[in-house]
Amino acid sequence: MAIIEVNDAGFKEEIGSGLTLVDFWAPWCGPCKMIAPILEELAPEVEGKANIAKLNVDDNQATASEYEVMSIPTLILFKDGEPVDKVVGFQPKEQLSALIEKHA
Numbered sequence: 001m002a003i004i005e006v007n008d009a010g011f012k013e014e015i016g017s018g019l020t021l022v023d024f025w026a027p028w029c030g031p032c033k034m035i036a037p038i039l040e041e042l043a044p045e046v047e048g049k050a051n052i053a054k055l056n057v058d059d060n061q062a063t064a065s066e067y068e069v070m071s072i073p074t075l076i077l078f079k080d081g082e083p084v085d086k087v088v089g090f091q092p093k094e095q096l097s098a099l100i101e102k103h104a
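First residue of the sequence shown: 1, per UniProt numbering; consecutive thereafter.
Honestly, the hints are just simulated from the structure, not real lab data. Hints are not guaranteed to be accurate.
Heads up, simulated EDC-like pairs for lysine to aspartate or glutamate below, C-alpha to C-alpha not over 16 angstroms straight-line [what the hints assert, rightly or not]:
| # | residue 1 | residue 2 |
| --- | --- | --- |
| 1 | Lys49 | Glu14 |
| 2 | Lys86 | Glu101 |
| 3 | Lys93 | Glu47 |
| 4 | Lys54 | Glu5 |
| 5 | Lys54 | Asp8 |
| 6 | Lys54 | Glu40 |
| 7 | Lys102 | Glu45 |
| 8 | Lys86 | Glu66 |
| 9 | Lys102 | Asp85 |
| 10 | Lys12 | Asp80 |
| 11 | Lys93 | Glu45 |
| 12 | Lys79 | Glu101 |
| 13 | Lys49 | Glu101 |
| 14 | Lys54 | Glu13 |
| 15 | Lys54 | Glu41 |
| 16 | Lys33 | Glu13 |
| 17 | Lys102 | Asp80 |
| 18 | Lys54 | Glu14 |
| 19 | Lys79 | Glu47 |
| 20 | Lys79 | Glu13 |
| 21 | Lys86 | Glu68 |
| 22 | Lys49 | Asp80 |
| 23 | Lys79 | Glu14 |
| 24 | Lys93 | Glu41 |
| 25 | Lys93 | Glu40 |
| 26 | Lys12 | Glu66 |
Pairwise CB distance ranges (calculated) [what the hints assert, rightly or not]:
| # | residue 1 | residue 2 | range |
| --- | --- | --- | --- |
| 27 | Glu66 | Glu94 | 25 to 31 angstroms |
| 28 | Asp8 | Glu45 | 25 to 31 angstroms |
| 29 | Gly89 | Glu66 | 16 to 22 angstroms |
For each residue, glycine too, the CB sits at the ideal point set by N, CA and C.
Please construct the entire structure, taking both the sequences and the accompanying hints into account.
In structure tokens form, the structure reads like this:
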């Protein structure tokens, strides 16, 4: 499954059911660029368990503010629309995979 791009308008709908790992990022952020290929690699491995979405904080400040995203990358795991876990900064693939498994 491909990574979904989400925005303020459709955010609640996209994360409303199941598990969704949302990457809050920006194009100018170095660690965000480092984590992008890891998420691309992880997406097919967690297919059926979780979706992976990206939200550009520069373009979608309302959602970033609502979830108190102060630093990027911030990855928040949502289960049925509710945040259940949060990590800030670059994370290795194993850690992100374990985060999803913990709530799957």
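Regarding the pair Lys54 and Glu40, is the alpha-carbon distance no greater than 16 angstroms?
-> holds (11 angstroms)
For the pair supplied as a hint, Lys54 and Glu14, confirm whether the alpha-carbon distance does not exceed 16 angstroms.
-> holds (11 angstroms)
Restraint status (C-alpha distance of Lys33 to Glu13 at most 16 angstroms) = violated (26 angstroms)
Distance restraint between Lys79 and Glu13, which requires alpha-carbon spacing of 16 angstroms or less = Holds, at about 12 angstroms.
Has the given pair, Lys49 with Glu101, been kept, meaning a C-alpha gap of at most 16 angstroms?
-> holds (8 angstroms)
Is it true that the CA of Lys86 sits at most 16 angstroms from the CA of Glu101?
-> Measuring from Cα to Cα gives roughly 14 angstroms; hence the hint holds.
Are the Cα positions of Lys54 and Asp8 separated by 16 angstroms at most?
-> Given that 16 angstroms is the threshold and the Cα spacing comes to 11 angstroms, the pair holds.
Between Lys54 and Glu5, is the straight-line Cα distance small enough, at 16 angstroms or below?
-> holds (5 angstroms)
For the pair supplied as a hint, Lys86 and Glu66, is the alpha-carbon distance within the 16 angstroms limit?
-> holds (14 angstroms)
Could you say whether the range 16 to 22 angstroms given as a hint is met by the Cβ separation of Gly89 and Glu66?
-> holds (20 angstroms)
Would you mind confirming whether the straight-line C-alpha gap from Lys12 to Asp80 stays at or under 16 angstroms?
-> holds (10 angstroms)
Consistency of beta-carbon spacing, Glu94 to Glu66, with hint 25 to 31 angstroms | holds (29 angstroms)
The structure does not agree with numbered hint 16 stated previously, though it agrees with all others.
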